[in-house]
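Construct all of the structure, not just a fragment, from the sequences and the given hints.
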Amino acid sequence: MLSIENTKCECGHQNSVGTVLCESCGKPLDKELAKSEEPLEMRYDGVARRSQKSNPSIIDRIWNFFSSVKIAIYLIVITFVTAMLGTIYPQENTFINLPDPASYYQENYGILGKIYYLLGLSHTYESWWFIGLLVMIGTSLVICSLDRVLPLYRALKKQQIRKHHQFILRQKAVYRDRIEGDSKEWVASYGEALKKKGYKVHFEEGTGTALLAEKNRFSRWGPYINHIGLILFLLAILARSIPGWQMDTYISVPDGDTVQIAGTNYYLKSEKFTVEFYTDDELPDELKGTARAKKYETKAILYECVSNCSDPLKEPVLEEVKKDDITVNHPLTYKGLKLYQFDFDLTPRLNSVKPVLVDKRTGEVYGPFYLPMKEAETQHKLGPFTLDLIANYMEFALNSEGKPTTLSREPNAPAFVFSVKGPGLAEDGEPYIYFPMQKDKVKFAQDTINRELADKIEIRVEGMENVDFSEATTHLNVRMDKALPYLWIGAVFSMVGLIMGSYWQHRRIWLRVDDGELALGAHTNKNWFGMRSDIASALKKIGVSVDPKTLDNGGKNA
Amino acid sequence: MGKSRRTVQIVILLAVLVIGGYAIWSALFGDDKSGPLEAGSEPPAFTLADLNGGTVSLSDYKGKPVVINFWGSFCEPCVKEMPEFERQYTKWKDKDLVILAINLSEDTLTVNNFVKRFELTYPILRDVNRKTERSYGLRQYPTTFFVKPDGTLMEVVVGGMLEKDIDERVERLLQL
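Which chain is which? The protein sequence lines are A and B, in order.
Using full-length UniProt numbering, the first residue of the first sequence is number 1, and each one after it goes up by one.
Using full-length UniProt numbering, the first residue of the second sequence is number 1, and each one after it goes up by one.
Simulated from the structure, these hints should not be mistaken for laboratory data.
What you are looking at is a predicted structure, and each value in this text was computed from that prediction instead of being measured.
We put the CB at the ideal spot given by N, CA and C, even for glycine.
Please note: incorrect hints may appear among the correct ones.
[Stated by the list, open to error] The calculated label-pair distances, taken between Cβ atoms and stated as ranges, are: (1) B:GLU155 to A:ASN97: 22 to 32 angstroms; (2) B:LEU176 to A:LYS439: 30 to 40 angstroms; (3) A:LYS439 to B:LEU174: 45 to 55 angstroms; (4) B:ASN129 to A:PRO101: 39 to 49 angstroms.
[Unchecked claim] Taking lysine-lysine pairs in the DSBU-like style, the calculated list, with each CA pair at most 30 angstroms apart, reads: (5) A:LYS288 to A:LYS354; (6) A:LYS322 to A:LYS272; (7) A:LYS381 to B:LYS116; (8) A:LYS381 to A:LYS354; (9) A:LYS374 to B:LYS116; (10) B:LYS116 to A:LYS314; (11) A:LYS374 to B:LYS148; (12) A:LYS482 to A:LYS323; (13) A:LYS269 to B:LYS131; (14) B:LYS116 to A:LYS441.
Put into structure tokens, the structure is as follows:
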């Protein structure tokens, strides 16, 4: 059978289950506690935690679990320990390119690395159990705070002024005395003295022989404001898993190219990447002759796709949204998107040439015509000649069967095969292979392949102004973190709460005079020295000289 | 007061369940963009141009076994595989087998010449600027993805395959 605990105090107040000190008069409710002489435990002013109930349901049980500070501490300790484990070896997500993490950890860190990987610690912070721990800490924060702040608020909102003698005299700072003369006047003048010290003073209505003085009550809310900040912080961290909230990728943009930033509607064009090195004059002696980068810069334009964005048959329509020069520590920023200079590659890449066709028999020159390495027009009409592009190779080579092939899709050794029609040439065209790069022309013996046709015509580029190439490729780090402002807000709340709770203390003084017998008790959460000196200096003002040390009633934190 | 307290409790626990549940769920089953695609995971969607001026989406073939093959004319094992896929396609197309061969962002002329040379009849799709290739996390060519009718991956094969390797996998795929 359930035994209903008697929670009614002798002052007539009905307290909730779990109340330690009567919510009204402050008398200890527990019989054992009432007999003792020790200073009272004043945590949460002795009120019951909200969740404490005599017959808990399942919801209450879950609630009580998270309401426990002990559980909260376990959770925090477990989280700290696992977070520490996650720092032993590099996390998987710190690598830009890690095709086979399993073998990476084993090769670099041996058997321990393998165990580390198998335990899933190589991605600690993204693992379900770590996020689960964060969720549980968040829950615990909310429930612990709610269960304590509401009763505490209520207890502090309507405080009984005349407290039980047991309550007053079992505080850690106590003063007893015999008052000569009018007690009401004495209490009033002491109240006045406390007011000067910045206390808010409440006198018992009617009698005027009891008093409650308090200051800096707001500091009690510090921990809860701190918790609100932490909850915001946690929510912001969890919000990163919302698609589109966080991004950390890399893009490579050759000079002049426009590249889509994967997963977004943005395109980035690099107009030019430049790297500057220090000259020897600028370098100290020991570094002279070494290449020391002075500046990396990408002249970038950010575009947003406005239509045809996902239609593979149409070219996307781009609209310029931002133009900026990206240098180290100066990213291009646009609506939370940040592009950082990360790396570069100075391998040039041929983009297009504008060659001419020369009729060697007449010396006549036709053209020039535009010949990009990719997606070139398949037909060019040049004077009496017609060039039909029949094949192209990005990196020309001959395969095992001796047939032309390409080794890659980068224009490292481009070759174009035209069928040429024109005066003095075969009706259905004669094949002509053209290598835009001089080195390939020599290597693959262009003139030999083209045989007699090489004596009749030539396709060639006249002057470097007809060659377009990208001198460099810039590598940029693309970042987006929409959670960041919320993290900051959370951090500010947390800090404000910490400061409130750390630099101010809630000080309270209760006092009652019964038949000339003064009983004074005071409570604060820390800095008891200050508390006692407040009492003593106010007493001194009304002519009672007391050594603050004698007010110490023992107990911890004295 | 008792009633409102119960409501607050339920609201908070529900909020925890929803927010926390979402966070844990996405950590457990969310697409791990860093990791490679594996058997059981769902291949990323795509819509690409084919060679006939139309578009093809992976979602068009929901409920059918699909073989997605990434190839390029510059990759010799891919070139060897293409006629094998063609034979598999003619052999199994009555059984609803879909083969989608995605070219690795080469230019039109190169792709057309290649397809003409091997007389390929199955759909050849054109990736642009390596977008699809990247979303599939490709690191080597060729790579072939066998997609079950339920839309999840049966197997990912990196590297060239012999015809019997393809045949064996297609048979398994068709039995599902």
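**Study point:** Restraint status (C-alpha distance of LYS116 of chain B to LYS441 of chain A at most 30 angstroms)
**Key:** Distance of about 28 angstroms is within 30 angstroms: holds.
Point to revise | 30 angstroms limit on alpha-carbon distance, applied to hinted pair LYS381 of chain A and LYS116 of chain B | key: 25 angstroms, holds
Exercise for review: Take a look at whether the Cβ-Cβ distance between GLU155 of chain B and ASN97 of chain A falls inside 22 to 32 angstroms.
Suggested key: Taking Cβ atoms as reference, GLU155 of chain B and ASN97 of chain A lie about 24 angstroms apart, which means the hint holds.
Check your understanding: How does the Cβ-Cβ distance of ASN129 of chain B and PRO101 of chain A compare with 39 to 49 angstroms: does it lie in that range?
Key -> 27 angstroms, violated
Check your understanding: CA of LYS288 of chain A to CA of LYS354 of chain A, is that 30 angstroms or under?
Key -> 42 angstroms, violated
Point to revise | Restraint status (C-alpha distance of LYS269 of chain A to LYS131 of chain B at most 30 angstroms) | key: 16 angstroms, holds
Exercise for review: Take a look at whether the Cβ-Cβ distance between LEU176 of chain B and LYS439 of chain A falls inside 30 to 40 angstroms.
Suggested key: Distance hint for LEU176 of chain B, LYS439 of chain A is violated at roughly 53 angstroms.
Review point. Within a Cα-Cα threshold of 30 angstroms, do LYS374 of chain A and LYS116 of chain B meet the stated pairing?
Key: It holds: about 19 angstroms lies between the C-alpha atoms, which stays within 30 angstroms.
Check your understanding: Is the hinted pair LYS322 of chain A and LYS272 of chain A satisfied, with a Cα-Cα distance of at most 30 angstroms?
Key -> 16 angstroms, holds
Check your understanding: For the pair supplied as a hint, LYS381 of chain A and LYS354 of chain A, is the alpha-carbon distance within the 30 angstroms limit?
Key -> 14 angstroms, holds
Exercise for review: Assess, step by step, whether the Cα of LYS116 of chain B is no farther than 30 angstroms from the Cα of LYS314 of chain A, and give holds or violated.
Suggested key: It holds: about 24 angstroms lies between the C-alpha atoms, which stays within 30 angstroms.
Exercise for review: Mind checking the alpha carbons of LYS482 of chain A and LYS323 of chain A for me, to see if they're no more than 30 angstroms apart?
Suggested key: It holds: about 22 angstroms lies between the C-alpha atoms, which stays within 30 angstroms.
When the structure is compared with the earlier hints, violations turn up for hints 2, 4, 5, 11 and for no others.
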